[in-house]
Amino acid sequence: MSTVHEAAAASPTAGRSEEAHRASSGGPGSGHRAGRRRGDDPRGRRRGGLLGKNPLGLLFSAPYLVFVLAVFAYPLVYAVYIAFHDYFFTAPGAVVARPFVGLDNFVTAFTDPAVIRSFGNVGVFLVINVPLTVVLSMVLATALDRVVHFRGFLRVAFYVPYLTASVAVVAVWLFLFNGDGLVNQVLGPLAPTPSWLINSAWAMPSIALFVTWKQLGFYILLYLAALQNVPKELYEAASSDGAGPIRSFFTVTVPGVRPATVLVLLVSTVTGANLFTEPYLLTGGGGPNGASTSPVLLMYQKGIEQGNPDQAAAIGVVLVILVLVIALLQNRFAGGKDER
Amino acid sequence: MQRRTRFTRRATLGATVLVAALGLTACSGGGGASSDALTAKGPITIWYSNNEQEVSWGKAMVEAWNADHPDEQVKGQEIPAGKSSEEVIGAAITAGNAPCLVYNTAPSAVGQFQKQGGLVDLSSFPDGASYIEERSGDLAKQYQDADGKYYQLPWKSNPVMIFYNKDLFTKAGLDAENPSLSTYDDFLATSKTLVDAGVSKYAIHPAPTSEFFQSQFDFMPLYAAETGGTGLVEDGKATFADTAGEDVATFWRSLYEQGLAGQEQYTGDSFADGEAAMSIVGPWAVSVYKDVNWGAVPVPTKDGTSADETYTFSDAKNVGMYTACENQGTAWDFLKFSTSSDEDRALLETTGQMPIRTDLASTYSDYFDANPSYALFGDQAARTVEVPAGPNTVAELQAFRDAWSNSVIFGKGDVDSSLKDAADKIDELAAQG
Chain A
1 MSTVHEAAAA SPTAGRSEEA HRASSGGPGS GHRAGRRRGD DPRGRRRGGL
51 LGKNPLGLLF SAPYLVFVLA VFAYPLVYAV YIAFHDYFFT APGAVVARPF
101 VGLDNFVTAF TDPAVIRSFG NVGVFLVINV PLTVVLSMVL ATALDRVVHF
151 RGFLRVAFYV PYLTASVAVV AVWLFLFNGD GLVNQVLGPL APTPSWLINS
201 AWAMPSIALF VTWKQLGFYI LLYLAALQNV PKELYEAASS DGAGPIRSFF
251 TVTVPGVRPA TVLVLLVSTV TGANLFTEPY LLTGGGGPNG ASTSPVLLMY
301 QKGIEQGNPD QAAAIGVVLV ILVLVIALLQ NRFAGGKDER
Chain B
1 MQRRTRFTRR ATLGATVLVA ALGLTACSGG GGASSDALTA KGPITIWYSN
51 NEQEVSWGKA MVEAWNADHP DEQVKGQEIP AGKSSEEVIG AAITAGNAPC
101 LVYNTAPSAV GQFQKQGGLV DLSSFPDGAS YIEERSGDLA KQYQDADGKY
151 YQLPWKSNPV MIFYNKDLFT KAGLDAENPS LSTYDDFLAT SKTLVDAGVS
201 KYAIHPAPTS EFFQSQFDFM PLYAAETGGT GLVEDGKATF ADTAGEDVAT
251 FWRSLYEQGL AGQEQYTGDS FADGEAAMSI VGPWAVSVYK DVNWGAVPVP
301 TKDGTSADET YTFSDAKNVG MYTACENQGT AWDFLKFSTS SDEDRALLET
351 TGQMPIRTDL ASTYSDYFDA NPSYALFGDQ AARTVEVPAG PNTVAELQAF
401 RDAWSNSVIF GKGDVDSSLK DAADKIDELA AQG
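Residue numbers (the numbering used here), protein chains in the order written: chain A, 1 to 340; chain B, 1 to 433.
Please note that a few of the clues may not be correct.
Said to hold, decoys possible - Below, computed lysine to any residue pairings styled on SDA-like, alpha-carbon distance capped at 20 Å:
id, chain 1, residue 1, chain 2, residue 2
1, B, Lys201, A, Gly188
2, B, Lys83, A, Lys232
3, B, Lys425, A, Pro113
4, B, Lys425, A, Arg117
5, B, Lys237, B, Lys83
6, B, Lys420, A, Phe153
7, B, Lys201, A, Asn184
8, B, Lys166, B, Lys83
9, B, Lys201, A, Leu176
10, B, Lys166, B, Lys149
11, B, Lys425, A, Lys214
12, B, Lys59, B, Ala244
13, B, Lys59, B, Asp71
14, B, Lys420, A, Ala114
15, A, Lys232, A, Lys214
16, B, Lys425, A, Val139
17, B, Lys336, B, Thr358
18, B, Lys425, B, Lys192
19, B, Lys425, A, Asn184
20, B, Lys412, A, Thr269
21, B, Lys412, A, Val95
22, B, Lys75, B, Trp65
23, A, Lys214, A, Val139
24, B, Lys83, A, Ile116
Honestly, the hints are just simulated from the structure, not real lab data.
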């Protein structure tokens with residue numbers, strides 16, 4: 001039950017529709033309307049039975065339900081199965097034993113220091129990427145919302161990196177951040193040695209910056225949409241109470257877009273935890289010395305390249321659980337008020 | 001996006017609850033490769049590599065076959081695009097729709113494909129082993145599995161050598177016709193001269209990235225040369241934690257330490273761009289570096305080895321026959337046709353890659369006379385080593401690469417113990433296989 005609530009809180013649209021639903025179907029304080037609604041019910045209830053009040057609704061939601069079951073639920077359950085068995089991919093005709101091995105795959109995977117390190121790496125990534133994403137996209141969206149000239153151009157400018165293929169953008173960043181790259185030439189003596197992407201202290205932060213920059217356009221878009229729903233009267237009220245732009249940003253804008261913030265937190269955490277392309281390409285396979293290896297890169301190496309999908313699945317299961325825990329915490333602290 | 005998050009999370013919770021109940025079995029299909037398939041004839045599909053030269057060779061070869069075999073038509077396709085050919089083939093094996101033959105099967109992937117039940121044992125054809133051994137001679141041995149069976153036909157190699165840019169050598173005041181590159185000391189001195197003279201940023205720039213296969217182009221060729229033909233693993237034991245291995249690693253570490261080799265990945269082709277004055281490459285490079293005034297020498301050894309005794313890494317690509325193939329009889333006939341003396345000549349002439357044949361240099365002596373730039377490679381092709389066999393090849397190569405990256409490229413810790421650690425890890429992996 002609580003999951004449903006969190007999920008609702010996680011998305012502004014779901015949250016809103018739930019509120020709307022509450023308002024019409026009788027949340028606290030709308031007693032008589034609820035009564036009227038109940039009066040309509042009997043017919044519906046009789047018709048409903050096993051398939052619920054609106055059997056047709058099932059039909060409409062079936063395509064998506066099938067999609068979710070086939071593309072998310074089944075593979076996820078299967079991944080858990082793989083993680084607990086001695087498993088490798090085989091040709092359809094091949095007969096092989098796949099004994100249940102308990103936690104063996106987890107033990108093998110997590111006694112490998114590289115795996116532990118990759119979780120640390122992605123932790124560093126999230127600590128930099130997620131807050132930076134939230135703050136930058138909120139501030140930039142607010143600014144974009146106010147700006148009068150070049151509005152379209154600016155919005156497109158922020159969105160373009162998001163649309164561009166990582167592979168193409170990575171090449172540009174390699175030029176920018178290599179030893180003789182533009183960044184180091186601007187920094188002069190302040191440039192780190194060895195350079196960013198081969199410096200074990202800087203590789204992960206560089207990737208975090210890259211991903212933040214690349215994804216920003218998408219999150220700005222989410223915030224722009226959320227900003228349209230903040231009533232202008234609140235700003236007027238704030239300003240007549242003597243609040244300056246900064247004060248009204250913190251007291252009106254920030255709380256006003258909170259549902260979007262929760263969504264941005266969740267989505268950036270989930271995509272961040274699935275980090276793969278950047279360590280694969282930007283730092284040449286998680287270099288230097290595994291300083292930018294991510295769990296998903298290791299899953300790729302172990303599961304696809306090295307033929308140990310069972311260990312890869314074990315890493316995946318742990319990753320999913322960790323992300324769940326983080327998401328739950330984020331909801332508690334950032335989305336708390338929607339719960340009631 | 002948001003929906004995915006929500007549903008993934010809900011599904012995950014559900015799944016975590018289900019874990020306990022999941023001692024269940026997942027059904028894997030029954031049945032096995034039938035021996036009837038070995039003799040079945042009919043149309044087949046093959047995949048070949050997608051580079052321009054190999055495509056034109058493949059098309060011509062398929063056409064020639066099809067003209068004479070109306071009932072056994074062959075459909076030639078470029079290998080579908082993916083992160084790597086091996087992934088595409090691996091996925092096709094699992095899905096059961098692999099083609100009959102893939103003319104781009106990497107030896108490093110063969111052990112895994114075999115374990116997956118994806119490859120046909122070519123030795124099970126009556127003339128299987130004898131055909132392979134007749135064509136490739138002693139070189140065929142390193143392509144057998146642990147039981148001496150052939151799950152791949154050794155097809156073509158790209159023995160790697162040192163390419164150097166003659167113009168840059170001359171500019172640095174070095175003898176471009178007889179470069180001093182045969183011993184480690186010579187190589188280091190020459191490299192230093194090049195970089196000090198400022199003719200190129202680096203002397204040599206093999207990819208310093210962490211992909212498992214990169215050691216095939218820095219450590220493996222030099223180790224093969226230093227030891228007279230030893231691979232990373234022999235008889236199930238890692239070989240390289242010895243003096244020769246340490247010498248090779250120390251040599252490379254000096255190159256990196258002195259800034260003669262680059263630690264950063266280069267986005268273009270460092271040799272073509274003049275970023276590096278040398279490169280470790282196979283004969284494919286001859287047609288690629290048309291605009292560079294290049295020369296080629298064998299890889300260096302500690303004390304110098306004459307060219308006709310120097311071993312190197314093969315960088316071979318082989319042909320595998322896949323169990324999803326229904327008409328394996330035709331596939332085998334076609335495989336023999338496509339690796340016949342005539343087709344091998346066509347391959348050599350079109351692609352410049354070396355068919356893995358005994359007496360390559362003498363069989364096609366007229367070609368090598370007419371194309372002296374390939375002659376060196378043709379001669380070198382007789383002395384090559386291959387990646388370790390078995391299902392854990394990639395894991396073994398990755399273990400080596402990680403140690404190499406740490407102690408050699410980035411100079412952390414000492415070379416000896418890092419090689420020993422990698423050897424221990426590889427011994428373990430080899431024992432599993």
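Original post:
Any of the earlier hints contradicted here, and which numbers?
Top reply: Hints 2, 5, 6, 8, 10, 11, 12, 15, 16, 18, 19, 20, 21, 24 are the ones this structure does not satisfy, whereas the remaining hints hold.
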